[in-house]
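Visitor: In case you want the letters, here they are:
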Amino acid sequence: MVFEIIVSFCLLGGFFFLLVVAIGLLRLPDVFTRMHALGKCDTLGTGMVLFALFFLSPGLTEKMKIILIVFMTAVINPVMTHLIAKVVFKRQVGIAAGTWLVDNYGSSDKSGGKDIC
Amino acid sequence: MLKGVKRDFKGFLFLSSLLLVFWLLISASIDWQHVVVGLVLGLFVTAFWGDIVFTRQRSTGFTLKQFLSFVFYMCCLLCEIVKANLHVAYLVLHPRLPISPGFIIYRLGLSRELPKALFLNSITLTPGTITVQCEDDKLVVHCFTRENAEEVQEWYLYRQMKKIEDGE
Amino acid sequence: MVSKLLGTVLVLVRYGLALLAVLGMVRAFLGPTAADRVVAINYVVTLVILLILLSSSREDLSLYLDVVLVFVLGAFIATLGILKLLEEGKL
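Residue numbers (the numbering used here), protein chains in the order written: chain L, 455 to 571; chain V, 218 to 385; chain A, 17 to 107.
So here's chain L without its partners, still in its complex pose (with noise of 0.2 Å):
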């Protein structure tokens, strides 16, 4: 009973952030900010319900393949992120305005700040 308990709770859970994810995405501004839903909650949604899943299957070598598969999506989700934000940022399309860009690498203080659109 606690194990099904267990179980479902990481189901649940992970269907909450995925879930935050798809309002995000269609509440956001901007792209850089759809990008913090995607980034991040994609990812501990995917691990929980893979979680469950690692419970749930029968065998040694498929816990081993689940244990792959949310490694593998850890690793290729922030690197999938970095890399659309590199490229937006490069060409300077679709920022919402307000946005702010604070430049802290010639000088030390850490006030100021300018808007960019």
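These are calculated hints, taken from the structure and not from any lab test.
Below, a list of computed lysine to aspartate or glutamate pairs in the DMTMM-like style, where the Cα atoms sit at most 25 Å apart: (1) K100(A) with D353(V); (2) K540(L) with E352(V); (3) K355(V) with E104(A); (4) K540(L) with E330(V); (5) K100(A) with E330(V); (6) K379(V) with E368(V); (7) K333(V) with E297(V).
Partial list, computed: chain V residues near chain L (C-beta under 8 Å): (8) I316; (9) N338; (10) K355; (11) H359.
Ideal Cβ positions, reconstructed from N, Cα and C, are used throughout, including at glycine.
Here the structure of chain L is known, so what remains is to put chains V and A in place on it, guided by the hints.
Guide: The following block gives chains V and A in isolation, referenced to the frame of chain L:
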């Protein structure tokens, strides 16, 4: 073809054994034929692409202490991932959407490639920030709110990763 | 062997994920720029992976896991191709 292997022999063996483990997971048995085929293929593939992979002069290698602190780092990262996810869920589901997105550019002190890649991935996964661009030590980060931008510059996982890189 | 509670949750999550895939496709249809569409399609790919695994029965799970492994890598390569096309204008 063998230049890269000569440059970094330990890294070559490490990468080959990783490929062997992957092969054994896919083939799902530890019959001696599978092991031999996986070993030969792993060594061949790593040697073939060695010139691209092993470009740095410094050779691969880690101590036990570095490994243990890396495991500790991953545990901290897991906690932070859960916290950051709840934070993003709160922001997205809030009716008034209290976000103020923006970019921050700052200097990153890591120099070796693997710690840098791991740290940038953990920036993307954790505190309301995603990595946009990283050239040498100039790092561009997109933040969800202003507070995240101040947090990420003095993040405690950064100090930990710096320690791991220095080998303390 | 699967009890009533767990069976209900599994069915609910399966239908819910299918619904979320529809929402993701709405963003892919609306998306003002190409990058928005790439993001939305990535999300749909994740949902398809989970749907394949959840709808496979316990006996064929091993078979479908191999399918999913290839699917993840293929989707990753496809995204890399689209992004290279966006960045350089040619493949």
